[in-house]
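Please arrange chain B on chain A, whose structure you already have, making use of the hints.
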Amino acid sequence: MSKRVVITGMGVVAPNAIGLRDFKKAIQEGKSGIKKIQQLEDLKFACQIAGVPDVSEELKLKYFTPLMARTLKSKGILYGCMAGIDAWKDAGFEVDPESEIKWDSGCVFGSGLTGVEVFRDAIYEVDALKVRRLGSRVVEQTMGSGISAHLAGLMGFGNQVTSNSAACSTGSEAITMCYERIKEGKANRMLAGSCDSEGPYIWGGFDSMRVLNRKNNESPEQGSKPMSEDASGFIPGAGAGALVLEELETALARGAKIYGEVIGAAVNSGGQRGEGSMTAPNPEGVKRCILQAIDSAGISPNDIDAICGHLTSTMGDVIEVSNWGKALGRSGDDFPYINSLKSMIGHCLAGAGSIECVATLLQLDGGFFHPSINSENVHPEIEKTISKDKIPQSLMESTNFDVIAKSSFGFGDVNCCIIFKKWNNS
Amino acid sequence: MEREEVKNKLEEIIKQYVTDMEAFGNISETTDLLQDLKINSAHLIDIVLDVEEAFDIEIDDESVEKMITVKDSVDTILACVKATA
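If you read the protein sequences in the order shown, they are chains A and B.
The first sequence begins at 0 in numbering that gives the first Met the number 0 and counts up one residue at a time.
The second sequence begins at 0 in numbering that gives the first Met the number 0 and counts up one residue at a time.
I should point out that these hints are in silico values taken from the structure, not numbers from a laboratory.
There are no misleading hints in this set.
Quick list of simulated restraints, FRET-style, between CB atoms: (1) ASP229(A) x LYS14(B): 55 to 61 Å; (2) LEU58(A) x GLU51(B): 30 to 36 Å; (3) SER40(B) x GLY270(A): 45 to 51 Å.
Beta carbons: idealized from backbone N, C-alpha and C, even for Gly.
Bound conformation, chain A alone:
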């Protein structure tokens, strides 16, 4: 008998807000976290705007020892650990390095690159023949598993502790991995999350590929416009999201707050076949992934009330909406409501999936649907599939959505889809 899996804690470090309460308010207000970044202009980037979380030194000290706060140079690890610590506390647990080991609890915290800025410094030292001066921080702040390793030490996780990497679907994949592990009875509790590095050394490649928006350097808040006719590239972002997934009976027994249930999920790849490539999705893979997730949830495509899309503010948006329409067999007014968090925070790369899942659950639990900002001019190709009314221009204050689907797609033609259900005490 497979176990049921619910979400009992969440944490978020996003460009438009830090912490669940502020983040909920920000997404309800349609608050943009995209700003002009002087460093990008100085470095002659075509895209000079981005979404980065605002973490003060004072805030850092609420999460880390003074030593760790002083030596922590990796933004990815900083955001990831903050989100992870918040999620664990939100679930009602203590963060105590002296606590007993928890054999039934683990962590999958994915990343693209955790500490590109630390790696850069290390390269300069090594090339200057100063390898002996690197010290202990380089390894733990650059390794892919840096966040899960650090969090496991704080919380005493004794179950699986690892990190996944699947480009922009990393976060959703981490949640799926944790969901499957609990469902199979291999763990009672898993902390899932994701993040990525921040700044020019990680965004440079995308700038050079011309996949970033170059037209809104003087109007940053209007720069990210998923599903809009003017969408001409994504806006880079940074941050982290984290969720505590828990076996239902365990959660009920301790009277935990339940944000929602994961009733199904799927990951796959389009194999870079057909129309698929390193950078473009094979529609067959996408549709299959969506339908597998729906199948595994034991629901029908008609049961989906809303979609929190991947929707990056590129030409890919048209393809994504078309794939959803075909997979669900729904169009026009019959299409589910759809929005994109990236309209407010940009594309946080490997961090995107987990931040967006936090937003999805806040909407499901809170009975609202956030506006998809900057989408006034809906792309005509998208309007061929869905009614314009399905893209909220302002906050939908009292929805009664029972099922929301969250999708993430990434470079390498990888796909992930998770089906979340509202918790109705049964």
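Just chain B, lined up with the frame of chain A:
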């Protein structure tokens, strides 16, 4: 450089890596850095790097291994400072 001066400078560096401040309050020449102060062994190398910078010296691997107590460490630093001078 006076022994007392070296010791004070060393303790300032060590302090940043100690999580057990009560143990640090009782620091003496016989205090063992790893055992008594519970400093993470990976951080021992960071302390050595900070010491090298603070005293403008280079401590060889063999000497690093001898830096077990506060006294050992002060002796090592003094010897290095003398050799460098």
